[in-house]
Amino acid sequence: MTESDPAPPSEKTQARLLRAVAAVDMLPVRGPADELIAPMRPLLAVLKPPRPLTFGRLMFQPIERLIVDGSRWHPGMTAIPRTALLRLVMLVRSIMGARAQQIDAMLAGRNSTDREAVRKVGGLLWPAASLALGSASVPADWTQTTRLSVPDFTEVTRGLTEMLALSDRILALQEDVATGSANVESRLRSVLAGALGRGEQAFSLTLALLLGCMPGDGRVLDIGIELAAATTDQALKGGPNKAVSFVFGELENAVDTALSGKLELGAAADAMAAIGVQCAGLQGWDHREDWRERIRRIRARVDSACRERFETVLERQLLAPLTRLPAQPGAESLGALESIARELIRFHQAGRSPASARNDPVLLQFEQWLRTKSRDELPLSVIERARLIEIMRGPEAGLAYLKEADGAPGDTAAAETAQPVSAPSRSPASSASGNAQAR
Amino acid sequence: MASVLAEFSRLFQPTTFRERGVRLPLTSPVLAGACLRASARNEPELVLPNPDGGDGFFVWPWRDLREVCRVSIHDVQLLGCITTGSQILPMTPILPVTVARAAHKVAASGIAGRAAMDAARSGAAVDEEMARAATGFMLESLARHCQTQACPVPAEPDGEAASVSPLRRQMAALYGRPANDVVRAIEELSVAISAIGFGEQAEQARVPRLLAAVEALHETVTARLADMKGTRASCAEFMSTASGLIARGAQRWLAEARTRFSRPVGLLSAYLADPEPTTHWLQRADWLLNGWCGPCVRRLAATNGQDWMRDLEEMVALVPMLPREAEAWLTPLSAEESRIFRSRPARLRVERRSHGDSQMLIAHEESLRAASLRMLGV
Chain V
21 MTESDPAPPS EKTQARLLRA VAAVDMLPVR GPADELIAPM RPLLAVLKPP
71 RPLTFGRLMF QPIERLIVDG SRWHPGMTAI PRTALLRLVM LVRSIMGARA
121 QQIDAMLAGR NSTDREAVRK VGGLLWPAAS LALGSASVPA DWTQTTRLSV
171 PDFTEVTRGL TEMLALSDRI LALQEDVATG SANVESRLRS VLAGALGRGE
221 QAFSLTLALL LGCMPGDGRV LDIGIELAAA TTDQALKGGP NKAVSFVFGE
271 LENAVDTALS GKLELGAAAD AMAAIGVQCA GLQGWDHRED WRERIRRIRA
321 RVDSACRERF ETVLERQLLA PLTRLPAQPG AESLGALESI ARELIRFHQA
371 GRSPASARND PVLLQFEQWL RTKSRDELPL SVIERARLIE IMRGPEAGLA
421 YLKEADGAPG DTAAAETAQP VSAPSRSPAS SASGNAQAR
Chain B
6 MASVLAEFSR LFQPTTFRER GVRLPLTSPV LAGACLRASA RNEPELVLPN
56 PDGGDGFFVW PWRDLREVCR VSIHDVQLLG CITTGSQILP MTPILPVTVA
106 RAAHKVAASG IAGRAAMDAA RSGAAVDEEM ARAATGFMLE SLARHCQTQA
156 CPVPAEPDGE AASVSPLRRQ MAALYGRPAN DVVRAIEELS VAISAIGFGE
206 QAEQARVPRL LAAVEALHET VTARLADMKG TRASCAEFMS TASGLIARGA
256 QRWLAEARTR FSRPVGLLSA YLADPEPTTH WLQRADWLLN GWCGPCVRRL
306 AATNGQDWMR DLEEMVALVP MLPREAEAWL TPLSAEESRI FRSRPARLRV
356 ERRSHGDSQM LIAHEESLRA ASLRMLGV
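Protein sequences, first through last, are from chains V and B. If you count by the working numbering, then the first sequence holds residues 21 to 459, one letter each, in order. If you count by the working numbering, then the second sequence holds residues 6 to 383, one letter each, in order.
Chain V extracted, bound-state conformation:
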């Protein structure tokens, strides 16, 4: 009954998304097909659909939250560019030789939700991949295949080498979090201390990863700041700021994607619900004024962009079709409009507190509009209007409208259907009684 919990993605959205991902996963060479699912990546991170557990997917599974589109990556960023992944997998495979094929064989038929396989095979792969990358030199086709410069290779592989070495511990921590284990805090401290010992890049990458994995758990940032403050290394001291900046950037990017219009309303609502969880987790990040300011900006952006899209869709997809309804609207058209209203209100509420969402003046105006339109202007019965008010404003508003409409003179719809439903008579029908009387 916690109203702030995220809404699960709509079944239609999930089904479509999973079909698209499965189709792309089946391709021997993905290439441009990858771009098809690119806008859905924030949602994929929420849904975590089962996908074939390949060498490459396993290699990056514990740190997938740190992967960003190549166009967004820049040197110094606490992230791994997506364009480098395939080339790095090929590089690691070539260095590992026959051991890579052994891992392939162990992964045959497994999928990404198979925790046992991830833990067991990952335990073999990650340290080996870390060693391989640590000793690798720049491939000749690096720039051509990744669109990154040669110096970027060092930057990317240095961070990745450290993260792969920490991957089994990060995975164990993620499992502790998922199962609600009492060990979380001690393991969290151990992982962050281990990352700190591996240098500034490992520390900020690990902290960024954990901040994303554990939204709302204030211990991650608190322990990170505490460990950084205890060092004398200025670069390490800047780790928390870099990590937090990365999380802010990811959140801003997710907001832009969700509100760009590329996603249909249901998918956008799913994405906004996930963003809402992240935003709620930012509440305790008040350590620095510039962080507080950025959080304010993100929230304002979410709010204004949500409102803008909500009002546009309300106008175009609900109000306009309602005014064009025929005198006797069919069940199908009414059902379709109710579905739009449900998607719309889900989008409206995503990422906001339910109380503020319900009292939005736009919703109040919509209710007023439904209440005051005559039957000629809006050919909906009182019950049909009450249902729309219930969807958009909640059952209390719908019931209040029904009560008022019950007393409204001259409304034929009210006379037909809006009477509070009375108790069923004990006798089956008056005509049956009449039948008995007639004898």
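The hints are simulated quantities; they were obtained by calculation from the structure and are not laboratory data. Where hints are given, some of them may not hold.
[Stated by the list, open to error] In silico lysine-lysine, PhoX-like type, Cα no more than 25 Å apart, as pairs:
#, chain 1, residue 1, chain 2, residue 2
1, V, LYS423, V, LYS393
2, V, LYS423, B, LYS110
3, V, LYS140, B, LYS234
Take the given structure of chain V and dock chain B to it, following the hints.
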């Protein structure tokens, strides 16, 4: 919180069906699996299985429920048909038949959507036709009885405002009761009979349709038992055993009720002497099947076999609890069947009730409600 009367233990097992309550076809996700019963002071209260996701049952007075959770307009209207808010309406005792009729009426108003409205309106016609036919059958049987027994026609009593028909006078004399009491008894019995079915259209009635759906569910689940593994296997075994048991019991009591109704003169006599035992016999199949439309409609409304098996855990969680009085109705019971009274391998997931957007979940419940009205008439 004052509204929480009691939390039962996980082993809560009511003694009677009335103590368990009648399963309500509600659309509010938070009220999934709720049963309505009358408290000792005749106040309506809902028995909710594990509302917080844990074990146990909560009992909530209906008048307080809307203070703690959001209840759909449909559910408020349905409860408004049966209660005044704080008291059960005297003319609507909490029985499967009265709840089903109230639910039909509310769905027919359109508040659960157009699809449910259309299905309820066509179903109500069948129900009323069945009741009319039952009334006619009882009156004809009485007339035939009076004729064959050469019952005298008493003189018209003095002082009556309107003329009283000879049959009414004969009925009054036959049962030693005022004619109006006899007519009311016929009408009340007709309501019960309309649920179990009568005449050529008997299988179109609510109870036999639901029984057929439970039988089909039993056959389908049993046929697929061998394919199941893990939790799903234990759910499938539970569902197979429970549906088989309920179908067997409901068949028996449906046949018994119809046999009793085939002798309406004696049935009416017993009812007039004491209505309670008679209605209890007539309603045993209805009580046993009460609440089974939830699991059945999930199978019927699915577009392919795979979909509904995915919901097996939820279907098992929605199987209504059997009170101890059912043991006597269902004898002989195997050891496995006896266990069904005490435990089940799944419970409603908490996210089923409270996570996500309530309007999306209400829309899902409404679509199941429409399917239930269309396919099962309930």
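Evaluation of the provided hints:
1. With a C-alpha separation of about 17 Å, the suggested pair V/LYS423 and V/LYS393 falls inside the 25 Å cut-off, and the hint holds.
2. Proposed proximity of V/LYS423 and B/LYS110 is supported: the alpha carbons are some 18 Å apart, at most 25 Å.
3. Our distance criterion of 25 Å between C-alpha atoms is met by V/LYS140 and B/LYS234, whose separation comes to about 24 Å.
Checked against the numbered hints given earlier, the structure satisfies every one of them.
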